[in-house]
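K.L.:
Given the coordinates of chain A, work out where chain B with the ligands should sit on it, guided by the hints.
This is what each chain is made of:
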Amino acid sequence: MAGTFILEARGVTRQFGGLVANKNITMHVRQGEILALIGPNGAGKSTLFNLIAGAFPPSSGKLLFEGKAVADLSATQRCRLGIARTFQVPRSFDSMNVIENVMVGSFVRHTGTQAARRAAWRTLEYVGLADRAEAPTTELTPPEKRRLEMARALATEPKLLLLDEVMAGLTPSEAQKGIQLVRSIRDRGITVVMVEHVMEIVMPLVDRAVVLHFGEVLAEGHPKDVVRDDKVITAYLGERHRAA
Amino acid sequence: MNETMTMAAASAAPTQRAAGARRAQLPILALVCAVTALLPLVMQDVYLQNVLILTLMYAALSQSWNILAGYCGQISLGHALYFGVGAYAASFLFAGYGITPWLGLLVGAVLSAGLALVLGYVCFGLKGHYFAIATMVIAEIGLLLVHNSELFGAALGIHWPLGADSWSSMQFARTKLPYIYLALALFVLTWLATYAIEGSRWGFWWRAIKDDPEAAESLGVEVFRSKMAAAAVSAFFTAAGGAFYAAYVAYVDPESVMSFRFSLLFALPAVLGGIGTLWGPAVGALILIPITELTRSYVGGSGSGLDLIIYGGLIMIVALVKPEGLLSLVRPGGAKA
Ligand SMILES: Nc1ncnc2c1ncn2[C@@H]1O[C@H](COP(=O)(O)OP(=O)(O)OP(=O)(O)O)[C@@H](O)[C@H]1O
Ligand SMILES: [Mg+2]
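Protein sequences, first through last, are from chains A and B.
Under the numbering used here, the first residue of the first sequence is numbered 1, with each subsequent residue one higher.
Under the numbering used here, the first residue of the second sequence is numbered 245, with each subsequent residue one higher.
Pulled out of the complex, with its shape left as it was, chain A reads as follows (with noise of 0.2 Å):
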């Protein structure tokens, strides 16, 4: 069964200087899954992702991705493997329009202009940013701005995609539409990694849950087992449920 993990980091390690962000972290993805990745500010979650992603590399430990020792291999040549992902804080091509920058996604898989922006478009239809095709990323809203960030990952068709806190500052009805794009994505086979710190939307739609810790596995399992944890209780909730 070991070949249904997508993806798996093996004591994984990222010091930043003195600063620890990620420490020994073993890990694991199941393909086809929803997968949370959640923990207070600074616990290394943005940290993890641009680790499995090639933004930079390791301190030490191993990642394979479909069974393949990754971490040596650049961002670009991960994002042609199948591993595509979003910045938390929206990274937008900003002398291009919203259709050229999912556009530059789709060159990863379509040499020619007309096809890729054939498949830009379809991909704009899907996350329902086709309206703003034209429209300078300058101008988009915050919450446009993340679905443009997801439109442009999806655009690579990745096997694994990695979203860092794509539904911060949703109001309630634009987050029933972010889980319904969720699971859709899902349902055509993209194992997700979600970051996200509302539970609510954490709950209802994921799968499984990891906890991190500064910088540490601190818990793992169905998100209903997690959050009764004492240890994520204490570190991560304890604050929230009392003030509840």
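Worth flagging that the hints you see were computed from the coordinates, not collected in a lab.
Be a bit skeptical, because a hint or two may be false.
[Said to hold, decoys possible] The calculated label-pair distances, taken between Cβ atoms and stated as ranges, are: (1) B/458 - A/180: 26 to 34 Å; (2) B/566 - A/77: 17 to 25 Å; (3) A/94 - B/354: 33 to 41 Å; (4) B/354 - A/138: 36 to 44 Å; (5) A/142 - B/369: 44 to 52 Å; (6) B/268 - A/77: 46 to 54 Å.
C-beta: ideal position from N, C-alpha, C; glycine also.
P.N.:
Frame of chain A; chain B with the ligands shown alone:
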């Protein structure tokens, strides 16, 4: 069935619109060509024809610089090096071996592209300002090397031998008309190359790298290869311009084709007109080069440094008032931004 057809129609619409907006640029180019080609018939003054030739040449050279700096975001302040390679290749082969400058131009352009790949391999690891400074220093080293090389005539340079006017030697003593058409051809070729690349995968990759290299990488953009390609294309056309210039003035020496002044003169029209745009370099050259030539003739020689002061002032004004360049004033999208 019905649904698939609607889908196809919907996705075809934006594709055609974008292609149409791009193709609308071609008639503008045709118009510019027609006007430029007819201009010398009414403008027979040799001095003004010289200004026209230089304007076209700098429009082409600035477009070449724009390919690397404007589209790919790698600001070079050393393009005088590639200009010099082209100028010297054509001069050396023609004066030394009687080889036609057409071949010299091609040799220079290919050498220059190769040199750009070597230098790019070394320099593209450098970030931002360090890259610009490195290109400047390397160009100065190139100037010194040529200055001390007996093979290339050292400080005296290379004079083109006198001969009958002919297309094969690119020498025309009695009329400037052929040079006008050569400069126009140079501009059109550079423009068309930029136009073609702009709409291709390379063009998208270059702009993505310019805007945000890290995001580009995460989307599968081949960052290093893209920069190398941009550098090679840019150097190729810059050297072609250098060979043309050498043929036009029939003489090269280190200062007259490789000084830092040229690196600035390639960058300025693009910065002035609109960096990373199809027409920015041409618009910028149309304003800048006539002004430069007029001040040169009234104030005398380029040795005074006054033109450098003017360039520096212009760059500062553009940077402060309109960083996107003059073209953004007439663009519906650009004016708002
Ligand atoms: N490039 C970097 N250089 C130096 N320190 C960094 C860098 N990236 C992250 N860190 C540090 O590593 C730690 C973990 O940061 P990270 O962004 O991974 O946390 P996070 O779990 O995503 O937090 P948040 O929920 O606030 O997004 C923090 O202390 C952060 O300051
Ligand atoms: Mg984060």
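K.L.:
Looking back at the numbered hints, which does the structure fail to meet, lowest number first?
P.N.:
Violated hints: 2, 5, 6; rest satisfied.
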